[in-house]
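Once you have looked at the hints, place chain B on chain A.
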Amino acid sequence: AQSVTQLGSHVSVSEGALVLLRCNYSSSVPPYLFWYVQYPNQGLQLLLKYTSAATLVKGINGFEAEFKKSETSFHLTKPSAHMSDAAEYFCAVSRGETSGSRLTFGEGTQLTVNP
Amino acid sequence: EAGVAQSPRYKIIEKRQSVAFWCNPISGHATLYWYQQILGQGPKLLIQFQNNGVVDDSQLPKDRFSAERLKGVDSTLKIQPAKLEDSAVYLCASSLGSGVNTEAFFGQGTRLTVV
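Protein chains in written order, with the working numbering: chain A, 1 to 115; chain B, 1001 to 1115.
Pulled out of the complex, with its shape left as it was, chain A reads as follows (with noise of 0.2 Å):
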């Protein structure tokens, strides 16, 4: 079975300032993985995923994550934080190559922006 883990449930920061969120995976074959954000009363966004493609993953909104297979980690990361930027966000795995948007997802981070 696969499975994500999202260290924090919250994290702040100050505008400007990097943004780190952190996923880890558990899977028994390559992961797929993904990131979302959800604004309040909203659906959710997709960020950015990897396919097994470049382990560097560049999104919207300026966001980028990292897969690292040696730390079965795929940590969200944006150089400076905007206002805009506060929401909640999602690292999700899928099934398998075939399994398109049957996703697996984290428990979710609350990010919230300080002015």
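These are computed hints drawn from the structure, not numbers from a lab. By construction, the Cβ of each residue, glycine as well, lies at the ideal position given by its N, Cα and C atoms. Heads up, a few of these hints could be off.
Cβ-Cβ distance ranges computed for the label pairs, FRET-style [as the list claims (entries may be wrong)]:
1. B:1016 with A:54: 35 to 45 Å
2. B:1103 with A:62: 11 to 21 Å
3. A:15 with B:1081: 42 to 52 Å
4. A:107 with B:1009: 19 to 29 Å
5. B:1072 with A:80: 36 to 46 Å
6. A:17 with B:1083: 37 to 47 Å
7. B:1072 with A:42: 21 to 31 Å
8. B:1071 with A:16: 47 to 57 Å
Residues of chain B placed beyond 12 Å of chain A at every Cβ, according to the derived structure [stated by the list, open to error]:
9. 1012
10. 1072
11. 1083
12. 1085
13. 1115
Just chain B now, kept in the frame of chain A:
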């Protein structure tokens, strides 16, 4: 292009009542997912359709939950009878196909409160 439409946005019912949610996916999207998101948790997949056939319903509580996608377009998720623990946001998502390289687009969800 229009996104995934869900209705109603909010629903409050008493326990043991029945309720139905409706989802209209993006035009042309063959794959449709229903997820349940309990407050403070990540979304959990309930069922996946490919056109009008069920691909995966292993996490659907079939004693009380049912879902259909009769013409391979709109879908309905039903709960009968509802329990307090069914209080959650029900998210519908759709994608062109079922492969991992096809992005799923999420609706805004239906927030169900069971009292």
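Status of the hints after comparison with the structure:
Between residue 1016 of chain B and residue 54 of chain A the Cβ separation comes to about 52 Å, which falls outside the hinted range of 35 to 45 Å. Checking the proposed 11 to 21 Å range against residue 1103 of chain B and residue 62 of chain A shows it holds: the Cβ atoms sit about 19 Å from each other. Checked against the hint of 42 to 52 Å, the pair residue 15 of chain A and residue 1081 of chain B passes, with Cβ atoms roughly 48 Å apart. Checking the proposed 19 to 29 Å range against residue 107 of chain A and residue 1009 of chain B shows it holds: the Cβ atoms sit about 24 Å from each other.
Our hint of 36 to 46 Å for residue 1072 of chain B and residue 80 of chain A holds, since their Cβ atoms are close to 45 Å apart. Restraint check, residue 17 of chain A to residue 1083 of chain B: a C-beta distance of roughly 43 Å satisfies the suggested window 37 to 47 Å. Here the CB-CB span from residue 1072 of chain B to residue 42 of chain A is close to 27 Å, well matched to the stated 21 to 31 Å. Distance hint for residue 1071 of chain B and residue 16 of chain A: a CB-CB separation of about 51 Å, consistent with the stated range 47 to 57 Å.
No Cβ of chain A approaches the Cβ of residue 1012 of chain B within 12 Å, the least distance being about 16 Å, so the stated non-interface status holds. Every CB of chain A lies more than 12 Å from the CB of residue 1072 of chain B, the least distance being 16 Å, so the non-interface label holds. Residue placement check: residue 1083 of chain B keeps its beta carbon more than 12 Å from all beta carbons of chain A (closest about 22 Å). For residue 1085 of chain B, the condition that its CB be more than 12 Å from all CB atoms of chain A holds, with the nearest at approximately 17 Å.
The Cβ of residue 1115 of chain B lies farther than 12 Å from every Cβ of chain A, with a closest approach of about 20 Å, so its non-interface assignment holds.
Hint compliance for this structure: hint 1 is the single one not met.
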